[in-house]
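Using the sequences and the accompanying hints, generate a full structural model.
Each protein sequence line maps, in turn, to chains U and Z. So our numbering is basically just the index in the first sequence, starting at one, shifted up by 392. So our numbering is basically just the index in the second sequence, starting at one, shifted up by 392.
Just so you know, the hints here were simulated from the structure itself, not pulled from any lab data. By construction, the Cβ of each residue, glycine as well, lies at the ideal position given by its N, Cα and C atoms. Only true hints are included.
To give an idea of the interface, some chain U residues facing chain Z are shown, with a C-beta separation under 10 Å as derived from the structure:
{"#": "1", "residue": "I430"}
{"#": "2", "residue": "L464"}
{"#": "3", "residue": "Q467"}
{"#": "4", "residue": "D478"}
{"#": "5", "residue": "V479"}
{"#": "6", "residue": "T483"}
{"#": "7", "residue": "Q486"}
{"#": "8", "residue": "V489"}
{"#": "9", "residue": "L494"}
{"#": "10", "residue": "A495"}
{"#": "11", "residue": "Q497"}
{"#": "12", "residue": "A503"}
{"#": "13", "residue": "L507"}
{"#": "14", "residue": "P512"}
{"#": "15", "residue": "A545"}
{"#": "16", "residue": "N554"}
If you want the building blocks of each chain, they are given just below.
2 protein chains.
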Amino acid sequence: MKAAITTTPIGGSPFQSRRRPLVIKKFGGTSVANIERIRRIARLALEAQRAGNDVVVVVSAMGGETDRLLKLAYQLLPVPDSREMDVLAATGEQVTVALTALAIQAEGGKAASFLGHQLPVITDSSFTRARIQCVEQGPIREALAGGQIAVVAGFQGVDPKNNITTLGRGGSDTTAVAVAATLGADICEIYTDVEGVFTADPRVCPSGLKLKSIPYEEMLELASLGAKVLQVRSVEIAMKYDVPIHVRSSFTEEEGTRIVSRDKMLESRRLMGLACERNQVRVELIGAECRPGLVAELTDFMAELNVSVDMLCHSRGALENPRADISFTLPEGELRRAQPELEHFMGRLGASSMQVSSDLAKVSLVGIGLRSDPGIAARLCRSLTEQGIHVSGLSVNELRISCLVEGDAADQAVCILHETFELAGETRVEPLASLSPA
Amino acid sequence: MKAAITTTPIGGSPFQSRRRPLVIKKFGGTSVANIERIRRIARLALEAQRAGNDVVVVVSAMGGETDRLLKLAYQLLPVPDSREMDVLAATGEQVTVALTALAIQAEGGKAASFLGHQLPVITDSSFTRARIQCVEQGPIREALAGGQIAVVAGFQGVDPKNNITTLGRGGSDTTAVAVAATLGADICEIYTDVEGVFTADPRVCPSGLKLKSIPYEEMLELASLGAKVLQVRSVEIAMKYDVPIHVRSSFTEEEGTRIVSRDKMLESRRLMGLACERNQVRVELIGAECRPGLVAELTDFMAELNVSVDMLCHSRGALENPRADISFTLPEGELRRAQPELEHFMGRLGASSMQVSSDLAKVSLVGIGLRSDPGIAARLCRSLTEQGIHVSGLSVNELRISCLVEGDAADQAVCILHETFELAGETRVEPLASLSPA
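Below, the structure written as structure tokens:
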């Protein structure tokens, strides 16, 4: 039954009846870390093709390769030019596509590799974190029509002036989903070194449960909260174009987790899981001038530095002494980058001092209807407090509730909340058949 | 005086007076083998720029990198698809251009890298040994006009369908010369791990002398005879477009060897030097049918296999038994590749057997007027024979005389001939000024 999902034709709309189903398979760095593993993914791709699918493989650089290359550059400059960094980094995937195409040929199949500039994958010009604007499908269609497996370099593209660009960490996920969206693929399979999306990281919370499926929206929340299964941007594109994603292990044949639109969910769950972002800091600007638009001034300023702040809190002093305190959280790395400008900005706000509390963690519960049921936030705070964990911040929206705790209490908090909200249970499995597009 | 050649403006025609002189600097694998060496070439490039030149740097892959990559492919397939091999191999130079551009920036300069497909360098579609058809100069001109040093990836190009191609071993030389020809550069400096072109390999013959200059034609002969200083194709292009080349060491500031048109020679020499090709084999096809066009049949057939034969000898039997024997030499590696087809072909010629003599060497004297003076060939044979070296083949043309000897006598033969023809002497140095374009 499992095998049927990946290797038998998917789909079945009368309009598609004469077209072969199309499967995109994306393999990350650990799945292509050496020649043996590349052989293995070649066989996976060929199996899928022999079962009647058209197959596109998207690959990342061999594990550790991108870091090795970037380290060379950092030996030259502390802040290397980002255009050249992308030229450098893009070689990682170029090596893997060639080897993967060769591996498929070695197994008796037909394959051709495609680099970002060969399709092309057009992006904007934000080197090292470019965003895909469009993917040209002609070359892939032609390869598929010729019975080839198309092997596409993840992570890379070209801007309109033909400069090499890369998409940032996890960018190959985004390439895979963008290719899937462009070609109208039946499924985009993301092979990774975890087995799927869990209610909580099983290394932290042993009762963490693999989800059979999760809606795009909740996955977006989890991804942006540090569940490093998928690049956030890839989920955004999948949601926009309704591309079904299957996150699964490279090392087993097990079903992983399907990321789908809400109406295609396999199980009905309200709470999806817990995410944990470590290395958070809270910054407090104390005694700023109490003027209108203070918060907007701050967020504008931080946006210019390309820093996202969260859990912002603005408190006014007493009437007789109208000074404002503003606090917010951000990742420690971002603060290091922004601190000099921030201290300068503090002066513009007239703030008297800046306090930084570091080594905090943001633990988040992701689900639906979390704001409309205030009982959930209350239960969350109570259960942590009862176990002696201090909650120093809370933010609530419809799809998630986040609380700020001390870094060394983060794991415990995840486990407490996993139990409190019975995340290992609360799942009703529906027949897999409900997955096939109606 | 030395420094003046590389770093002060070259040229001086009144038509060029408002243009900055243009220097192309090509660095091979050993010159970019690690970050320290890359820093060094960055400084060399900047020195030349600060002295008033426009500078284009052409780089190879880091030493050993191409072999490392190709070895990965050979783990997958004994004869990997050549299109994918080029995708793989081209990453080597891509890494180096990025690092070199960064190194120039780290030294305070401005630089931008250009890959084969970005200029583009258009080649034919003969993967792994493509020939450059043209180089687009726009992007380099634009970079130079902006005060940047243009860093161009050697060895790689794209065919008209945008497939990645590579130019074969030593292809970066050809890239450098093609770029120099396209841009009308004043000089193309080839930095290498030898100090220049020698009358004989100094490791074999300690009295081997570095030539101050050598005409294109003689350099072509030397290069094609295994003096691995430059790719043959690069010399062909330089000759066609009259690009002055300066072959010099990456590790010293010494003048190397100028490769120039005959009228710009620094010294007047008739004999340029000795080259030695090892690992030659002689194949004899015995008792073939004695029919017209036999030799053409053979050479056509070998050309189809892309094998160059040399020292071909066709002997007819007696009138009453008109069978033909044909012998020829070729590199051992080529024979290994061609042997199965050759044995099959032997049947078509009706030959009764094929004999292979291996471990031979071809020692060649390169100079001018060698055919018109039969005394030279005679002196060559006599001097070798007197020292007990058997000459089993001889071919003579205007620019070279080659003789076939046993492999283990090759070094001795080189030394004998170096002395016989007094190659360490016979040089009259003219002032360097004669080099500058009139």
